[in-house]
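Trainee: Use these hints to put chain B onto chain A, whose structure you have.
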Amino acid sequence: MILTAGIGLRSAHVAEMEARRPRVGFLEIHAENYMSGSPALAALNRLRCDYPISLHGVGLSLGSAGALDTRHLARFKSLADQLDPAFVSEHLSWCGTNGIYLNDLLPLPYTEESLDLFCSHVDQVQDGLGRQLLVENPATYLRFRHSTMDEAEFLRAVVERTGCGVLCDVNNLYVIAQNFGFDPIGYLDVLPASAVAEIHIAGHHCNAADGYPILIDDHGSPVSEPVWALYAEAIERFGRVPTLIEWDTRIPPLAVLLAEAQRADLLGYA
Amino acid sequence: MPDLDRLQRLICSAIGGRHEPQLLALIEGGGLQPEARLQIYRNHAILTLTEALKATFSVVCRLVDERFFCYAAHEYIGETLPSRPCLAEYGESFPDFLASFPACRELVYLADVARLEWAINLALHAERAIPCDRSILCTCDRALTLHPSVQLVASQWPIERIWHANQPDGDNDAVIDLDAGGARLLVFWRSDRVVINGIEESAHAFLHAIVQGARLSAATIAGRRVAPAFNSTATLDFLFAEGLIVSVQ
Numbered sequence: 001m002i003l004t005a006g007i008g009l010r011s012a013h014v015a016e017m018e019a020r021r022p023r024v025g026f027l028e029i030h031a032e033n034y035m036s037g038s039p040a041l042a043a044l045n046r047l048r049c050d051y052p053i054s055l056h057g058v059g060l061s062l063g064s065a066g067a068l069d070t071r072h073l074a075r076f077k078s079l080a081d082q083l084d085p086a087f088v089s090e091h092l093s094w095c096g097t098n099g100i101y102l103n104d105l106l107p108l109p110y111t112e113e114s115l116d117l118f119c120s121h122v123d124q125v126q127d128g129l130g131r132q133l134l135v136e137n138p139a140t141y142l143r144f145r146h147s148t149m150d151e152a153e154f155l156r157a158v159v160e161r162t163g164c165g166v167l168c169d170v171n172n173l174y175v176i177a178q179n180f181g182f183d184p185i186g187y188l189d190v191l192p193a194s195a196v197a198e199i200h201i202a203g204h205h206c207n208a209a210d211g212y213p214i215l216i217d218d219h220g221s222p223v224s225e226p227v228w229a230l231y232a233e234a235i236e237r238f239g240r241v242p243t244l245i246e247w248d249t250r251i252p253p254l255a256v257l258l259a260e261a262q263r264a265d266l267l268g269y270a
Numbered sequence: 001m002p003d004l005d006r007l008q009r010l011i012c013s014a015i016g017g018r019h020e021p022q023l024l025a026l027i028e029g030g031g032l033q034p035e036a037r038l039q040i041y042r043n044h045a046i047l048t049l050t051e052a053l054k055a056t057f058s059v060v061c062r063l064v065d066e067r068f069f070c071y072a073a074h075e076y077i078g079e080t081l082p083s084r085p086c087l088a089e090y091g092e093s094f095p096d097f098l099a100s101f102p103a104c105r106e107l108v109y110l111a112d113v114a115r116l117e118w119a120i121n122l123a124l125h126a127e128r129a130i131p132c133d134r135s136i137l138c139t140c141d142r143a144l145t146l147h148p149s150v151q152l153v154a155s156q157w158p159i160e161r162i163w164h165a166n167q168p169d170g171d172n173d174a175v176i177d178l179d180a181g182g183a184r185l186l187v188f189w190r191s192d193r194v195v196i197n198g199i200e201e202s203a204h205a206f207l208h209a210i211v212q213g214a215r216l217s218a219a220t221i222a223g224r225r226v227a228p229a230f231n232s233t234a235t236l237d238f239l240f241a242e243g244l245i246v247s248v249q
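The listed protein sequences derive, respectively, from chains A and B.
According to our numbering, the first sequence is numbered sequentially starting from 1.
According to our numbering, the second sequence is numbered sequentially starting from 1.
Everything hinted at is true.
Cross-link-like lysine to any residue pairs, in silico, SDA-like; alpha carbons within 25 angstroms at most:
#, chain 1, residue 1, chain 2, residue 2
1, B, Lys-54, A, Gly-37
2, A, Lys-77, B, Glu-89
3, A, Lys-77, B, Pro-148
4, B, Lys-54, A, Ser-221
5, B, Lys-54, A, Val-14
6, B, Lys-54, A, Gly-220
7, B, Lys-54, A, Leu-41
8, A, Lys-77, B, Ile-130
9, A, Lys-77, B, Leu-124
10, B, Lys-54, A, Ile-251
Everything labelled a hint here was simulated from the structure, so no lab data went into it.
Keep in mind it's a predicted model, so treat the numbers as computed, not measured.
Bound-form chain B, shown alone:
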């Protein structure tokens, strides 16, 4: 007789789709057979995790249609089960999965749209934090901590336009030129909603460096590598105005 730990590993394995004869022998028969009883749990796992992915990646679902999305979700769930109890935190690696999923190969922008939706999900569920005032920033070279909701997304495809066109109130007939240029996006929480803000590539490089822990001088250099005329003042003004800086060290 396996102990409880072994039994639970067997059940997880069986729900993940593997045949576990040792487990089947431990389940009471009578009426529905043990395998069919396990299938009820398998079905529930697939159904609820697919619904969770649909909720987070609604634009991806719309872009590929629901049946294909369920197929992709089924394959993803087979590879990656949740590691945390909160369903909103499930799906972090789904964009990477889509990027390497052969059936999606022709939709070159799909993984990046999924990355934008994951960034929106993180911004929506981020802890709220108290912003600090601009007066705290003296002339010294400091490191900044951004609001937990701040997410940076970059893509060579116009993913912001694709996302907007596929909202319930979006322009469903919009024609989007995939060669029209990429997107550098700052995603964050503003009082009652998630904001997606297009930013310059230089500002994106500056913010990326800030997020990595760089001091202002080093982050500014990162911005100037992209655009020699980059000046951090406008970006900092925007961050303070939106309450996106929560500490200065």
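For reference, chain A alone in the conformation it holds in the complex:
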């Protein structure tokens, strides 16, 4: 059982992490950054003696209409077998089709067609890995007119059909609730609480370049106060779920991430 909040392991912090071994609940890595023999993997193998690992995929493209990339799934499995992570997660999204990868988490229409396809891919990944997958709600900037259910209902259906868990990204939820104008508390209430096994919180920024303010999930700043407030609502419903401080751009000193993780811990104990 992981009792304290974790941080994303970033290359700028590896040396300090190795030297200081600060108290932090777990380390999360992006799987696609470790699928080779790079020195990063050697450092991670040293650190995982002291920290549980959360393996977070960004390239399995579970929502792609075509077949899953079995070569990529095999590399993912090889890494998971080597690291024996506490959690394995991916996104409710797709990132490419027909041999193109856009390095982004692209939105799905929430339809029965998408649900059948997404569930079959989650089944394939869970069977292939021999592990439960946590599926994360993405930050999205557009919605499709032909969706027949909302995102929380879709995610709940995926859990019911596949037995996967949920990685509830509270920042992503806040971002889409602001961008599309709905109540994020209602979204939390639809999620199956017992399936939520990890939470992400991060920073975002507001882009008003087109004359219409829209929040962008850039993971490049401290967690905002409204997101902390929504996080408190989430842990009230889901319990003290292992929580990750995500910070991917404009990386600050390690101490800043550790302070954010400590704040998440304190909220969890409140």
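Mentor: For chain B alone, kept in the frame of chain A given last:
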């Protein structure tokens, strides 16, 4: 209503910069218009792929300055999107793109510097492999498999000196004579870092033949075509000492 496959093709096309009116009609309006919403995804793709190229081709970026690099990257991304999920594997054809990019025509060495940086990237991310001992090599004529990190680079320009001078700790004031001769380089992973080793043209020809699957006798002939006195022993000693031979068939 398009099916999911068709919808995703339309989105990829739109993010690639094409106008897709059928897609726009499928996106909810309200506040920000559908085209502006797609532009957020376009911007993200350009930004993250440009950053990936900058990370791999940092010396090229320094040589042309960051603004020009972003322009070149933007044009390249418009032609070539990633075909794999790992960003470190994106950019294989960027050196060829630079070679034919009119705006770079006067920087005759630029594409070869990019080829060296791609070779370094491959060596850095290559799978690690267990080397074999020299004792396994008997007198028979054998074919060798080199370590996955081994890369060969050849250029008529002094690209190794250019690369070193443009490292963070390099000699930024170095004056490099472009007519001082080219480079034949062996790039490989050594325990904790990538090594760039200058080699003779004959050794380069020998190794190139080995990589192509030639047996030792044929590879030696390839080396001797360049330098009649070429002897493979010193090159083989170096390869075994560095752990760069992983199998002998």
